[in-house]
Amino acid sequence: MNLNLTILGQMITFAIFIWFTMKFVWPVLIKAMEERQQKIADGLSAAEQGVKELELAHYQSEAMRTEAKAEAASIIEQANTRANHMIEEAKTIARVEGSRLVELAKEDIQKEYTQAKELLIAQVGQLAIDGAQKVLQNELSSNLDLNHAIISDTVGEV
Numbered sequence: 001m002n003l004n005l006t007i008l009g010q011m012i013t014f015a016i017f018i019w020f021t022m023k024f025v026w027p028v029l030i031k032a033m034e035e036r037q038q039k040i041a042d043g044l045s046a047a048e049q050g051v052k053e054l055e056l057a058h059y060q061s062e063a064m065r066t067e068a069k070a071e072a073a074s075i076i077e078q079a080n081t082r083a084n085h086m087i088e089e090a091k092t093i094a095r096v097e098g099s100r101l102v103e104l105a106k107e108d109i110q111k112e113y114t115q116a117k118e119l120l121i122a123q124v125g126q127l128a129i130d131g132a133q134k135v136l137q138n139e140l141s142s143n144l145d146l147n148h149a150i151i152s153d154t155v156g157e158v
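Taking our numbering, the leading residue of the sequence shown gets 1, the next gets one more, and so forth.
Hints were generated in silico from the structure; no laboratory data involved. Keep in mind it's a predicted model, so treat the numbers as computed, not measured. Backbone N, C-alpha and C fix where the C-beta goes; we use that ideal spot for every residue, glycine too. Treat the hints with care, as some may be off.
Stated by the list, open to error - Capping the alpha-carbon separation at 16 angstroms, the derived lysine to aspartate or glutamate pairs in EDC-like fashion look like this:
#1 K134 - E157
#2 K52 - D42
#3 K117 - D130
As the list claims (entries may be wrong) - Simulated DEER-style distance windows between Cβ atoms:
#4 W19 - L54: 40 to 46 angstroms
#5 T92 - T114: 28 to 34 angstroms
#6 P27 - K52: 32 to 38 angstroms
#7 T66 - I87: 41 to 47 angstroms
#8 L3 - E48: 35 to 41 angstroms
#9 F20 - L54: 32 to 38 angstroms
#10 R82 - L44: 53 to 59 angstroms
#11 L5 - E48: 56 to 62 angstroms
#12 Q137 - T114: 32 to 38 angstroms
#13 L5 - E35: 41 to 47 angstroms
#14 A68 - A90: 28 to 34 angstroms
Using the sequences and the hints given, assemble the complete structure.
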């Protein structure tokens with residue numbers, strides 16, 4: 001019967017051990033496992049949130065890149081428009097300046113023409129006076145051929 005008593009003692013000791021384990025050890029182990037489970041769940045949640053944020057950042061960067069391309073194209077278009085406007089403005093200014101210079105040149109030519117005409121009239125008048133003087137000086141001689149020759153010489157000088 002020692003065997004039954006020994007088994008009974010072992011059963012009681014085992015029951016006390018189970019009660020002690022369930023009362024003091026088991027809650028600590030369960031709490032540690034729950035904390036670990038919560039840490040793993042938080043880590044997975046953070047990983048999912050990180051993936052979502054990465055996707056959002058990717059979409060935002062694509063949107064920003066598209067917006068930057070559109071803005072760059074707009075700036076280039078504005079620069080081209082401004083350059084074309086400046087070229088047209090420069091052409092207009094050049095045309096106006098060219099017309100002004102042509103008008104000034106025409107005025108200068110007209111002035112020179114008028115001066116040359118006045119000078120020519122004065123010279124012709126002087127030559128007529130000189131010719132008349134020579135004719136009058138030679139009037140004493142009644143030779144008409146000589147008078148015609150003098151007038152021809154005077155006209156030839158012109």
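Consistency of the hints with the structure:
1. K134 - E157: Status holds; Cα separation ~14 angstroms.
2. K52 - D42: holds (15 angstroms)
3. K117 - D130: With Cα atoms ~19 angstroms apart, K117 and D130 exceed 16 angstroms; violated.
4. W19 - L54: 40 to 46 angstroms: violated (51 angstroms)
5. T92 - T114: 28 to 34 angstroms: Given a distance of about 33 angstroms, which is inside 28 to 34 angstroms, the answer is holds.
6. P27 - K52: 32 to 38 angstroms: Between P27 and K52, where Cβ atoms are some 36 angstroms apart, the hint holds.
7. T66 - I87: 41 to 47 angstroms: At 31 angstroms between Cβs, range violated.
8. L3 - E48: 35 to 41 angstroms: Given about 60 angstroms between the Cβ atoms, the range is violated.
9. F20 - L54: 32 to 38 angstroms: Between F20 and L54, where Cβ atoms are some 50 angstroms apart, the hint is violated.
10. R82 - L44: 53 to 59 angstroms: With Cβ atoms ~56 angstroms apart, the hint holds.
11. L5 - E48: 56 to 62 angstroms: Holds: the Cβ-Cβ distance is about 60 angstroms, inside 56 to 62 angstroms.
12. Q137 - T114: 32 to 38 angstroms: Check passed, 34 angstroms falls within 32 to 38 angstroms.
13. L5 - E35: 41 to 47 angstroms: Because 44 angstroms falls inside the window, the suggested range holds.
14. A68 - A90: 28 to 34 angstroms: holds (32 angstroms)
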